[in-house]
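One-letter residues, chain by chain:
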Amino acid sequence: MSQAVPLLEVSDLTVEFSTRRGVVRAVTHVDISVGKGETVGIVGESGSGKSVTSYAVMRILDHAGRIAQGVMHFSGVDLIAASEDEMRSMRGREISMVFQNPRAALNPIRKVGHQIEDVLRQHSQVDSSALTGKAIEMLEQVRIARPRERYHAYPFELSGGMCQRVVIALALACRPRLLIADEPTTGLDVTTQKAVMDLMVELTRQQGMSTILITHDLGLAATYCDRVIVMERGSVVESAPSRAIFTAPNHRYTRKLMRATPRPGISLRDLLPEDGAASAPVAGALKSPSNGKAGTPLLVVEKLVKEYPRKGAPGSLRRVLQRKPASEPETFRAVDGISFAVNRGESVGLVGESGCGKSTTSTMVMRLIDKSDGTIMFDGMDIGVIAPKKFAELPLRKRIQMVFQDPTDSLNPRFTAARAIADPILRLGEVRGRRTVRARCEELAVQVGLPLELLDRFPHQLSGGQKARVGIARAIALNPDLIILDEPTAALDVSVQAVVLNLLADLKDSLGMSYLFVSHDLNVVRLLCDRVIVMQAGRIVEQGPTEKVLFAPQAQYTRDLLAAIPHPTFM
Amino acid sequence: MSNVALPGRRGASEHGLFAILRHARYILGENAVTAFAFALFMLIVLAALIGPYVVPYDPLASDTAAALKPPSLAHWCGTDQLGRDVLSRVIVAARLDLMIAVASVALVFLMGGLAGVAAGFFGGWTDRIVGRIADTIMAFPLFVLAMGIVAALGNAVQNIVLATAIVNFPLYARVARAEANVLREAGFVHAARLCGNGEARILLGHVLPNIMPIMVVQMSLTMGYAILNAAGLSFIGLGVRPPTAEWGIMVAEGAAFMVSGEWWIALFPGAALMIAVFCFNLLGDGLRDIVDPRRRT
Amino acid sequence: MLSLIVKRVAAAVPSLIGVVIVTFLLTRALPGDPAAYFAGPAATAEAIEQVRVKLGLDQPLYVQFVRYVGDLARGDLGNSLTTGQPVGQELRSRLPASAELTLLGLLVSVAIAVPLGILAATRPNSLVDHACRAISTAGVSLPVFFTGLVLIYVFYYLLGWAPAPLGRLDVFFSPPAQVTGFYLIDSTLDGNGEVFLASLKQLILPALTLGIFSLAPIARMTRASMLAALASDFVRTARASGLSPFTVVVTYAFRNAMLPVITTLGMVFSFLLGANVLVEKVFAWPGIGSFAVEALIASDFAPLQGFVLTMAIMYVALNLAIDILYGVIDPRVRIEA
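Residue numbers (the working numbering), protein chains in the order written: chain A, 1 to 571; chain B, 572 to 868; chain C, 869 to 1205.
What the hints contain is simulated information worked out from the structure, not anything from laboratory work. Among the clues, some could well be false.
[Claimed, not checked] Straight-line alpha carbon distances no greater than 25 Å define the calculated SDA-like cross-link-like pairs of lysine to any residue that follow:
hint	chain 1	residue 1	chain 2	residue 2
1	A	Lys111	C	Ile1130
2	A	Lys111	C	Ile1203
3	C	Lys875	B	Gly694
4	C	Lys1069	B	Gly832
5	A	Lys398	B	Gly769
6	A	Lys389	B	Gly694
7	A	Lys134	C	Val1103
8	A	Lys134	C	Gly1195
9	A	Lys111	C	Leu1068
10	A	Lys111	C	Arg1123
11	A	Lys398	B	Gly832
12	C	Lys875	A	Gly355
13	A	Lys389	B	Arg755
14	A	Lys390	B	Phe828
15	A	Lys389	A	Asp406
16	C	Lys875	A	Thr132
17	C	Lys1069	B	Ile615
18	A	Lys111	C	Gly1195
19	A	Lys389	B	Gly695
20	A	Lys111	C	Arg991
21	A	Lys389	B	Ala827
22	A	Lys398	B	Phe828
23	A	Lys389	B	Leu779
24	A	Lys134	C	Val996
[To be verified] Pairwise CB distance ranges (calculated):
hint	chain 1	residue 1	chain 2	residue 2	range
25	A	Ser18	B	Arg755	51 to 59 Å
26	B	Asp706	C	Arg942	23 to 31 Å
27	B	Val616	A	Ala439	42 to 50 Å
28	A	Ala439	C	Ser994	20 to 28 Å
29	C	Leu1034	B	Ile846	29 to 37 Å
30	C	Arg896	A	Gly355	30 to 38 Å
31	A	Ser18	C	Pro1154	53 to 61 Å
32	B	Ile846	C	Thr950	49 to 57 Å
33	B	Asp706	C	Arg896	15 to 23 Å
None of these values were measured; they are calculated from a predicted model. The beta carbon of each residue, even a glycine, is placed where N, CA and C say it ideally should be.
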């Protein structure tokens, strides 16, 4: 810990927003200090106020927000008393920021090279003829291949990871002393995430920069930060060096967050808070051996293929104009001949990064889209040959159901929770009569731990965890044999995720279902699944029992995936 | 695991007509402008319904002796070139103009809205055909096309309604199609398929109710446009014929006199037109807030 | 770039075909006897028969269509009943009057609406913002013919500032030598300052009327898209990088905000071309709109058909220009093409 005067010193910061419902305090009495060359992590779930704090430091709060109280000093400058002109000269030059969602953070109709030049032109004394050279140099520094060419690229022509590198180039162009990174890797693949974080760390350490890393991912904070500040609902609950926070957390909330983060070597139950306050409905054994016709195959997929016409494939007119042969194949194989099985009572994980074809596979198994080739056998029947529209009308539809990734998107905004849960019952169930249907809905609500009085609410009146429960209740309403879960907890806070994962495990055991669990998060898969399948570019790279694949991976890609997961050195 | 507990009252009171009315009162109470627009709308509807029975003079009765008299106590809005009372004519015209507007909007919603939703939801040939039809109509400046249609089919009120509906078809089809296209990929549509809903049921029961808020705003705006369109057509001699009282034709009749100073003959019907269209535009936003459940708290 | 233009032109062709078909059907699929329409209300039975044979209305429909297309290709739009002159010739001579008026009206409206929208978006909840919103809502409510009349009443009758609404030029002046047909341009080329001023004076009120009419959608769209641009992630990045307010508002926000406004222009042109007809009637402007209205009153059908066709073709061309302009500005469209 540096003894010198901290570079950034924030004390007693309080930020208020005026909303239609009155004044809301987003941040209350927050203290932060960042020393020279230090990397500080601010960790918290949604609503913790971590982003608002950084916007306040940069003084880029939006119109409705204001700094009600507090003192902020950066290298001797009073950030609150500074005029807008002074702040503007500091932004980008002394303090820079990198945001979430890199492609949206860049001007879509301006070349990336020009955007870097804009920042250079604003702040530095660089001669205008030298600007282009400097911009290309920055692109090189952030490891973008062929920087001269890429200088002329537009953001939509670059991948997510490359866009984030450009944003980093923008932020570091004038060599600021403090870099604030607000969820810089959320939404990026785990291997890209590692590359971007490593790059950021390397560049900041090289120039002796201080960094504030804002994230919800404890593992990320532990791996890359010297000190960590934990925030809950607008206040700081704990602030200590990384090692201390992770090996001996003090505050109840920090401990809860720590416990709820999926990591190797624990079981599902360990995710829940120690006081057992979670409303876990059924006390079942963890990953119990499946009951009934255990072990016999329920779902068998063989050589499954899905092809799409390649987007932007030149039409006949263009080919004539170009007078050269098409260099790429005209179709794109999202799924390229995969085979696997899910046995009764089993939970199988399907993992891979974005674009690997796992979602396409699950949608085909669900019979929502048609396959291009291969077979899908369910309980001995070939369901692959049945068209999606026809399948919706068969009684077989009841037996395969799905839990979707985005709980908000998967609920009809005009249906109450009860109506949404009742939908499968009304269409496919043999239950009739309003009272009977209602009774069944209430039974399901109890099973998933949804308080009964929430049944008549609309989705926008429910929290993320509550919406997830509604989605799960709807999926289990008809007692399906197989449930496909497509990243069901990706949009949830980590503490809510802990509860939902336990709920899913308990339901599987008590109702005797099988799961196909699609995810990009290996730690979650480790906790919930008996077997795991790893996919890359439409092919299966490796499959087998979870412990074997994740502890002793055979394929290089699996090893890369595992290595990319942030893990702090002291753990 | 609930966060801030919102007091909810379960049971039938959350759905149905009462809930909508209660929410309507909340929205009206919250926004003075919407309340004002709504009051104005009621006034216009009132004029349309009972106007012909309460006007002081017979709108068609001419009295050449009293022609071209400026506003006075006897004739609040003056008289026109045939001695007819302008006020009575303005009030009675409300019925015709409102009828034209309502009929046009209903027709175009049925034709355009449904076609657009089907095109956006099913894609393929439905989309191509609806798109071609919309593009062909859109290739014309809309008022010019309306002129052409009414001129071809003949001067009658029903042709104005038909022409307005045809001319607005592309707009409705496009808005409905865009919304349905987005919803086609929504999670809850996939979920509805999993629950055993057939495509038609999903279209009518899941997708259509979710695009109603936008369509309602559009319908309110089109009411205003329909009135302007009818007035414009009447102004150039298409559609409504004298001596029928209709705001547009009254402005046309009064136009010549405006230049020589008898302003009241054209001003009052013109002002009525303005107020009616203005009211419908304001109403559109308020209606959307009432219909959209996301605004319910 | 070339492929973009080729693609867009190719996409406009079906529209042209549709326009030709629709205008054909408008006159052939009339309720009643088309020959009677073309012969005029005062025609005798024999005259109607003569017209029927002359125009080939007794032939099967597809033969008529082929003949129609052939005539169009030669620029033959039939003859006016009232004047006996070829419709095509009349339209051609009157077109510049309408074009000058419409373009000036558009210029007025863009010059007011775009800055207004930008100011309203950059100063939310200020006086300018409320004024912009009021103008946008009121503007779409005003019947264009009513606005014209009120302007005449106030500025000509009451204040005497504007000249009598009797056409493009006061009787004392003669039109400048014909180069473009636009009096303003021609009189400048001619060096004739008096005629320039006189034309301008006659133009002001009708152009203002059209301008007020199209002000509202442009202002509303500019404000809405500027607001969206200013609230976007990339403007946040620009601000966080400390770029000057001018750069942020103009180079980053404005250029992006203009894209939806350009697409709106297509719709605005549709309104303008329609409103043109009404304004020409109010101001006795000798353009193609009043030509059509006069033909209507006399139940003279060929000019009406020619007018609809001409307007539609102009509109297709305008939309094509807008599409290409959009493609030039937005690289996402240009590069995918």
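Taking the hints in turn, this is what the structure says about them:
1. Lys111/A to Ile1130/C: Measuring from Cα to Cα gives roughly 21 Å; hence the hint holds.
2. Lys111/A to Ile1203/C: 13 Å, holds
3. Lys875/C to Gly694/B: 22 Å, holds
4. Lys1069/C to Gly832/B: This hinted pair holds, its Cα atoms lying about 21 Å apart.
5. Lys398/A to Gly769/B: It holds: about 14 Å lies between the C-alpha atoms, which stays within 25 Å.
6. Lys389/A to Gly694/B: 15 Å, holds
7. Lys134/A to Val1103/C: 23 Å, holds
8. Lys134/A to Gly1195/C: 31 Å, violated
9. Lys111/A to Leu1068/C: With a Cα-Cα distance of about 44 Å, the restraint between Lys111/A and Leu1068/C is violated, given a limit of 25 Å.
10. Lys111/A to Arg1123/C: With Cα atoms ~13 Å apart, Lys111/A and Arg1123/C stay inside 25 Å; holds.
11. Lys398/A to Gly832/B: 78 Å, violated
12. Lys875/C to Gly355/A: 31 Å, violated
13. Lys389/A to Arg755/B: At roughly 14 Å apart (the allowed maximum being 25 Å), Arg755/B and Lys389/A satisfy the hint.
14. Lys390/A to Phe828/B: 70 Å, violated
15. Lys389/A to Asp406/A: Holds - the C-alpha atoms of Asp406/A and Lys389/A are around 24 Å apart, at most 25 Å.
16. Lys875/C to Thr132/A: At roughly 34 Å apart (the allowed maximum being 25 Å), Thr132/A and Lys875/C break the hint.
17. Lys1069/C to Ile615/B: Not OK: Lys1069/C and Ile615/B at ~40 Å, beyond 25 Å, violated.
18. Lys111/A to Gly1195/C: Measuring from Cα to Cα gives roughly 16 Å; hence the hint holds.
19. Lys389/A to Gly695/B: 15 Å, holds
20. Lys111/A to Arg991/C: Since the Cα atoms of Lys111/A and Arg991/C sit roughly 29 Å apart, the hinted pair is violated (cutoff 25 Å).
21. Lys389/A to Ala827/B: 65 Å, violated
22. Lys398/A to Phe828/B: Answer violated: Lys398/A to Phe828/B is near 75 Å, above 25 Å.
23. Lys389/A to Leu779/B: 20 Å, holds
24. Lys134/A to Val996/C: 42 Å, violated
25. Ser18/A to Arg755/B: 51 to 59 Å: 39 Å, violated
26. Asp706/B to Arg942/C: 23 to 31 Å: Given about 27 Å between the Cβ atoms, the range holds.
27. Val616/B to Ala439/A: 42 to 50 Å: For Val616/B and Ala439/A the Cβ distance comes to about 45 Å; the hint holds.
28. Ala439/A to Ser994/C: 20 to 28 Å: 57 Å, violated
29. Leu1034/C to Ile846/B: 29 to 37 Å: Taking Cβ atoms as reference, Leu1034/C and Ile846/B lie about 31 Å apart, which means the hint holds.
30. Arg896/C to Gly355/A: 30 to 38 Å: 56 Å, violated
31. Ser18/A to Pro1154/C: 53 to 61 Å: At 58 Å between Cβs, range holds.
32. Ile846/B to Thr950/C: 49 to 57 Å: For Thr950/C against Ile846/B, whose Cβ atoms are near 39 Å apart, the range 49 to 57 Å is violated.
33. Asp706/B to Arg896/C: 15 to 23 Å: Roughly 22 Å apart at Cβ, these two residues keep to the hinted range, so it holds.
This entry does not satisfy hints 8, 9, 11, 12, 14, 16, 17, 20, 21, 22, 24, 25, 28, 30, 32, going by the numbered hints stated previously.
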